[in-house]
Each structure stands twice: as C-alpha cells, then as structure tokens.
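Peer 1: Work the whole structure out from these sequences, hints included.
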Amino acid sequence: GLKSEMLLFLVDSKPELSTFFSDEKWLVKLAYLADIFSHLNILNLSLQGPDKNMIYAQDRVNAFVKKLSVWNARVKKEDFENFTLTQEFIGFLSTSYCTSPDTSSLSLLVSSH
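Numbering (my numbering), first residue to last: 92 to 204.
To be clear, the hints were calculated from the coordinates, so they are not data collected in a lab. Quick reminder that beta carbons are idealized off the backbone N, C-alpha and C, glycines included.
Here are the simulated distance ranges between beta carbons:
1. Asp142 / Lys168: 36 to 44 Å
2. Glu179 / Lys158: 16 to 24 Å
3. Asp142 / Asp170: 34 to 42 Å
4. Phe100 / Leu138: 30 to 38 Å
5. Ala148 / Ser202: 20 to 28 Å
6. Ala148 / Lys168: 26 to 34 Å
7. Phe128 / Ser195: 18 to 26 Å
8. Lys143 / Thr175: 24 to 32 Å
9. Gln139 / Leu159: 15 to 23 Å
Peer 2: Structure follows, in structure tokens:
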C-alpha cells in the first residue's frame, strides 16, 4: 500500500525519516493530525463563497469550537468516533497485532490540543 511505498521512498532518499513509518505511536499521531486537518478543511470550505458573511462565519466557528469540546470529552474516554482515520488505524493495530494499542498518550495529546 501507500505506507510501504512511502517507506521505500524514504529509505532510499531520507533514511533518517523512514524510522517514523515503523513507529506505531507516531503513525497514530499522524492519523489524528490527518483527521484534524480534514475537519479544519471542511470548516474552511464552509466559510467560503459569495453568500457567506461574518455572522454566518462566526456561527460556524463557534459550532466547530463546541464540537471540539464534545470530541475532547469523547477522546478522554478513548472514543475516537469523530476521528475516522485514527479509529481505523487503531483498529488495524488491534487486528494485526491482536493487542489493543495504548491510546492514553494520544488521548492526552488530543486533550491538550
């Protein structure tokens, strides 16, 4: 898949970076960042357009901030429902290695974000 292709590319061109692609904790954080940026992209796109105004934008941003609070509460319970890639990767690790990965450090990272 894409991960193995990236790993091969990095081994050839930037071997010092290739270690990250075998670090499960780093990959879980990468999945989380991809999820966050996806949510931010959706928010950003919703704020664009000729029919948008400051009141609309403020409402959208306020709603997003409220969502962050809800997501934070869920993540503290290790519920990553709103972070699809993160949840899928954690599931992949659980299935592949028959062990539940330690998500407490990720929960702490999300909570402090």
